[in-house]
Structure formats: structure tokens, C-alpha cells
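Peer 1: Each chain, letter by letter, is given below.
2 protein chains.
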Amino acid sequence: MKICIIGYGTVGRGIVELIHRKKLDITVVGICGRNCGVYNEKGIDLSMLIKGTKGVGLDKYPHARNDIDANKMIDMRCADVYVELTPTNVIDGEPGYSFIKRILANQCHVVTSNKGPVVLYYKGLQKLALKNDVKFLYEATVGGAVPFLNMVRETLRGNKIINVCGILNGTTNYILTRMGAEGAGLEQILREAQELGIAEADPSYDVDGIDAAAKAVIIANEFFSANAGMKDVDVCGITRITPEFVSLADKNGFSVKLIAEVGRDVLRVSPRLIEKSHPLCVDGTLNALNIKVDMAREVTVVGYGAGKYETAGAVISDILSI
Amino acid sequence: MKICIIGYGTVGRGIVELIHRKKLDITVVGICGRNCGVYNEKGIDLSMLIKGTKGVGLDKYPHARNDIDANKMIDMRCADVYVELTPTNVIDGEPGYSFIKRILANQCHVVTSNKGPVVLYYKGLQKLALKNDVKFLYEATVGGAVPFLNMVRETLRGNKIINVCGILNGTTNYILTRMGAEGAGLEQILREAQELGIAEADPSYDVDGIDAAAKAVIIANEFFSANAGMKDVDVCGITRITPEFVSLADKNGFSVKLIAEVGRDVLRVSPRLIEKSHPLCVDGTLNALNIKVDMAREVTVVGYGAGKYETAGAVISDILSI
Chain A
1 MKICIIGYGT
11 VGRGIVELIH
21 RKKLDITVVG
31 ICGRNCGVYN
41 EKGIDLSMLI
51 KGTKGVGLDK
61 YPHARNDIDA
71 NKMIDMRCAD
81 VYVELTPTNV
91 IDGEPGYSFI
101 KRILANQCHV
111 VTSNKGPVVL
121 YYKGLQKLAL
131 KNDVKFLYEA
141 TVGGAVPFLN
151 MVRETLRGNK
161 IINVCGILNG
171 TTNYILTRMG
181 AEGAGLEQIL
191 REAQELGIAE
201 ADPSYDVDGI
211 DAAAKAVIIA
221 NEFFSANAGM
231 KDVDVCGITR
241 ITPEFVSLAD
251 KNGFSVKLIA
261 EVGRDVLRVS
271 PRLIEKSHPL
281 CVDGTLNALN
291 IKVDMAREVT
301 VVGYGAGKYE
311 TAGAVISDIL
321 SI
Chain B
1 MKICIIGYGT
11 VGRGIVELIH
21 RKKLDITVVG
31 ICGRNCGVYN
41 EKGIDLSMLI
51 KGTKGVGLDK
61 YPHARNDIDA
71 NKMIDMRCAD
81 VYVELTPTNV
91 IDGEPGYSFI
101 KRILANQCHV
111 VTSNKGPVVL
121 YYKGLQKLAL
131 KNDVKFLYEA
141 TVGGAVPFLN
151 MVRETLRGNK
161 IINVCGILNG
171 TTNYILTRMG
181 AEGAGLEQIL
191 REAQELGIAE
201 ADPSYDVDGI
211 DAAAKAVIIA
221 NEFFSANAGM
231 KDVDVCGITR
241 ITPEFVSLAD
251 KNGFSVKLIA
261 EVGRDVLRVS
271 PRLIEKSHPL
281 CVDGTLNALN
291 IKVDMAREVT
301 VVGYGAGKYE
311 TAGAVISDIL
321 SI
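Order-wise, the sequence lines are chains A and B. Position 136, counted from 1, in the first sequence is what my numbering calls 136; the numbers after and before it change by one each time, with no gaps. Position 318, counted from 1, in the second sequence is what my numbering calls 318; the numbers after and before it change by one each time, with no gaps.
Calculated directly from the structure, the hints in this document are not laboratory data. Wrong hints could be hidden among the right ones.
Stated by the list, open to error - Derived, one-sided and incomplete: chain B residues facing chain A with beta-carbon distance under 10 Å:
#, residue
1, L24
2, D294
3, A296
4, G307
As the list claims (entries may be wrong) - Below 27 Å or equal to it, Euclidean Cα-Cα: the simulated DSSO-like pairs (lysine-lysine) are:
#, chain 1, residue 1, chain 2, residue 2
5, A, K23, A, K60
6, A, K292, B, K292
7, A, K308, A, K60
8, A, K23, B, K292
9, A, K292, B, K22
10, B, K251, A, K276
11, A, K23, B, K160
12, A, K2, B, K160
13, B, K160, A, K54
14, B, K292, A, K22
15, B, K123, B, K292
From the three backbone atoms N, C-alpha and C, an ideal C-beta is built for every residue, glycine too.
Pulled out of the complex, with its shape left as it was, chain A reads as follows:
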């Protein structure tokens, strides 16, 4: 199978390294950076690429060409699957949205880790994929390495989904866990999390619940055909949660968690008290999703929602399923 990668950041590098290291039967024919690209119809030499781009952008790689960009590479239809990995933008979904539309219209499959286009244009992109008889997959957008979407789609067949509750943001879970363990305040933990690379320079996307809300929208559209958008989510972040509150909860057998809840009539992200013995009550950067269904009663899946190889692994699982 031939793939072309658009966006060569952390996840893109992770994918290339895994394909190379695991000797997967996937041929990378093209990679596009912001203003340049690498192309070889017989397959890019990944060993050389990994060495040549270590610590630098694709534009510093000697074999990168300036006469090639994502749109050109898309129109060449050089791959069976285009892997779209441009940064998430939940305002207008660009540039990912235009790339994905163009790829699907060209009748090639799309795998993406980019939440923006999925959150904003779910229905339209699904329709376009169906019309062109190609797949549009985005497992990595919800729960990173945890196969939330595919698990419900493929392994809980026949079950009617009643309600979904989950910890969908590892950064806030890390902050709340440390608040409970050390009694430190949000600002101090945030600073340290930023140094560790767990939190972004601008942490509002995480701590205000926007990231979790975006994932809740994807779940609502995927599992409940909700046609929902960001504005439909009732969001409250964790900025007003204090160590005193977390400690008091702890004394009573609860943990404070930022929970996304999605159901037929509910679409909400808010801090909630979860019993410590509940399967959803997982710590650190872990993500968890509890799915209530009519036959299996309830199933909880726990795993790592972010990380270079974890997210890359989810993308690769999608590629291999095509």
C-alpha cells in the first residue's frame, strides 16, 4: 500500500519511524512539509529521511524540493491513502479541511489525526467519502492510541449505545491527579507540565475544556448522528478547581475528573466527582471512555490519549484497516 503524508510534525515523524522500524508493508511515496516536499514513486528511503531530518524541519532535508506542495501531491494521486496531519484548528478547520476535501474528491482514502475538519465538517466529509467510494478515518482524533471509535464500530456490533462518559484530555487529568497527590495549585502544576511537554504554551485549549469538547462533538456525530458543533457543547473547564476541593473529594472516596458526557440529549464537558472504585477513575495522563450499551451493559477502555508513537500507532491502525 502506498501512502502520502501531509504535515511532517511529531506524529508524521512517529509514523515514518514506526513504518521503518517495524518493517510494515506500507510504502511512503510522498511527504509534504509547510513549503516543500519529498517524493519518490518507488518509495522514499526512510532510513535516510529519519537521519536527515533529525532535529530539523523537512525544509532542511537535502532531498526536499520546493517545486512540490500538498495540493500538487494530492492531484498527482500518487498514493492509495493520504495521511493528513496538519495542526488542529477548530475555528475554520484549515488548512486540513481543504486538503481532505481535495483528496476525497480525487477518490483517494484519507486518514487524519486532525480534529478540526472532523469537528466542523463531519457530515459533509462523510458524504463526500461515500460519494467517491473511499474511506475517511480519524481514530487518532479521539483518545489518541485508545481505539475508542473503532472499538464501538467494530467490536460492539449489534449493541445500541445509550450513553458515553469519558476522560478525553490527558493534560487536565495529569493536572487534577497531581493536585490530589501534592496539594499544589493549578498554576504551579501547569508550569511544570509545560516544562515536561505535557501542556501547551497556551494551555487554555486544554484547561478550558475546548479539546475535550471537540472530541465530544466527534463522538456525538459518530455514535448518535447528532450533527453537533462546538457551540452545542455545554463546557466548563478546570480553572476554578482548587487543591482544597480535590482533597475534600478524596477524603470522601471521590476523584475530581474533567468528564465529557455524550448521549441522545446531553453533550457536556465538566469537572465531576467520580468514585475511586469506578473504572473511569484513572490517573496521570491516561484517557478513559465508559460506554453504556444495551447488551454488554457497559465497557470501559483506558489508554494513552497522546504521545508521538501512541498517536502514530492509531493512524497506522487506520491505514492497515483500509
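Starting from the known structure of chain A, fit chain B onto it as the hints suggest.
Peer 2: Chain B only, in chain A's frame:
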């Protein structure tokens, strides 16, 4: 899709009720009890069957015939899928083993919830299914409603499995949880669990770790191509665990759990100390499986390992996947 059910106990009834209640696109053409059967090539009237067998065996149902048995029904090739639900027997796998061989040889698909044949004759049955180009599925044998096998097979594609640890027996988990909460001893809790229908009259299958060992064998053969049998499992049950031990563990932040561990070089069932914050540390009758892999790092799945509709749901998911 036409199915024929062999063995009309709790799970068989659960399947019939779910197909009827959820109006699933599955036609039940045959059902075999111990010495009788019901057959209608156009589909059995499930509403009448459910009413007519309420609280009694299939042999009391007016439309059950004595001139029909499982072997006859199998040789009629009246269904696309035969659902084999005879009781588990880990000594020689009968009568399920002979039924399954006969069905596969007749080129019909098999879905089973019966651990015996899968534990004892995994390789032979897989080969027979492959040779006859039919499916042999058994999701319900490990973890009941929790899609352990299908999740790893289908949604963690491309991942190499490094190690699997799990709570695979709900009865012992229930006993250990209550021991921790109440300080009661094994015998007292067992008596109450038997009254609640959580433990069998002869509880040794659960408390000696045999049930968990059988499931560990299935996982070893499925995920590690181990060609393992019951004798290969290093088993220690929970009979020597005391409330004092559980309470001491608790004071140090641990729970005592009966853990099955399966890896390239390990096949073991034993009571172990699990940190309370670990995703595997779930209580009551819950089952849990923690899977370490090379890309997603680790994924934990939690759910109900037994129960009429839960197990029936796992069988139905297998049927629908065919």
C-alpha cells in the same frame, strides 16, 4: 442470516430474547435441547417460543420434536451459522467438540461461548475452519461481554502484543472485593455469592483459578500462537487469601486480585497485589484486561465477564460480524 442454536440454557435464551426484542435481522431456524429440537426453515416464532419455554426446559415446549437432535440439525445444513452453547467441559471438550467439528466439516460457520473445545483443540479447529473456508468465532469465551479478542484482533491492528494481564473471573473478583470491604472470610462470602447466583454450587472451578486458566490458554493461543493447554498454566487460586491479608494490602494502597498473565514466556494465574490507581484494579464482578503493545503502549478494557444478556450480546456481535 439464518442461525441454528445448539444448547438452550441461559445464554441460548438470552440470544433468542435479544434477537426478538431488538428485531435483529437474524432468523432462528433451529434450536436443539438435550433430547429434542424445534425447527422451522422459515424461522421459529420467537415470541411463542419465549412464552412457551418460560421457566421450563425445551422438552416441555409443545412444538419441540423428539425425532430431531443436534447431529441431525447439523447435517441438515439449515443455517449459515451454528451457535454452539453446550456446557463447558475442560476435560475432553464434549459434547461441544464433536458438534463443532461436524459443523465446520459441513462448511457452516460456528460461534461458540463454550471454552472447552477452544481450550483443548484450538489449533485443529482453526485449521478445520480455514480448510472449509468458514469462520470459527468465540469472543464470549474470554471476558463474556468485554470484546477482548476482537478488540486486539481488529482495533489494535499493526501493534505487536508484548504482554497481557487480566482479571478474567468475575466470581473471584467479587469475593476479593467483598473481603476487602467487609473483612468477611472466603466461606461466608462464597455462601452468599451462591445464593445470589454469582458463584456455582461447586465453586472450585472459580476459586481454584481453573476458569481463569482456561481463558489464559485461549489468549495464549490466540495472541501468541502458543499451542498451550491447561497443563501449561502455572495456577494458584484464592483459597488461601484471608481478610487480614486483603486488609493489610489495602492499608498500603493495594488490592488483591486474581491475575492471569500471558506473554511469550509466561502463562500464569495467581493472586497479586495491584496498585489501587492502576486501570486493572476494578471491583465487584467486573473483568479487566491490560494489553501492553509496541505502538499504543498499553490499553485496558473493562466490563462484565458474565451474565445472560452480556454473554448473549458477545455471541450476537460474533454472529453479526460474519
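Peer 1: For every hint, state whether the structure bears it out.
Peer 2: Do the hints match the structure? See the list:
With a cut of 10 Å, the hint placing L24/B at the interface with chain A holds, because the nearest CB-to-CB distance is about 7 Å. Checking D294/B against chain A: minimum C-beta separation of about 7 Å stays under 10 Å; hint holds. For the restraint placing A296/B at the interface with chain A, the shortest Cβ-Cβ distance is roughly 4 Å, inside the 10 Å limit, so the hint holds. Evaluation of the G307/B hint against chain A yields a held restraint, the C-beta minimum of about 7 Å falling below 10 Å.
Among the hinted pairs, K23/A with K60/A is consistent with the structure: their alpha-carbon atoms are about 26 Å apart, no more than 27 Å. A threshold of 27 Å between alpha carbons decides the hint, and for K292/A with K292/B the separation of about 25 Å falls inside it, so the pair holds. Taking the CA atoms of K308/A and K60/A, the gap is near 21 Å; set against the 27 Å cutoff, the hint holds. With a CA separation close to 20 Å, the supplied pair K23/A and K292/B stays within the 27 Å bound.
Restraint check for K292/A and K22/B: the C-alpha separation of about 16 Å stays at or below 27 Å, so the hint holds. A threshold of 27 Å between alpha carbons decides the hint, and for K251/B with K276/A the separation of about 15 Å falls inside it, so the pair holds. Of the pairs offered as hints, the one joining K23/A and K160/B holds, with about 12 Å between alpha carbons and a cut-off of 27 Å not exceeded. Restraint check: the Cα-Cα separation between K2/A and K160/B comes to about 22 Å, which is no more than 27 Å; the hinted pair holds.
Distance check on the hinted pair: K160/B and K54/A sit about 26 Å apart at the alpha-carbon level, within 27 Å; holds. For the hint pairing K292/B with K22/A, the CA-to-CA distance comes to about 16 Å; that is within 27 Å, so the pair holds. Distance hint between K123/B and K292/B is fulfilled; the C-alpha atoms sit about 24 Å from each other, no more than 27 Å.
Every hint, counting from the list given before, is met by this structure.
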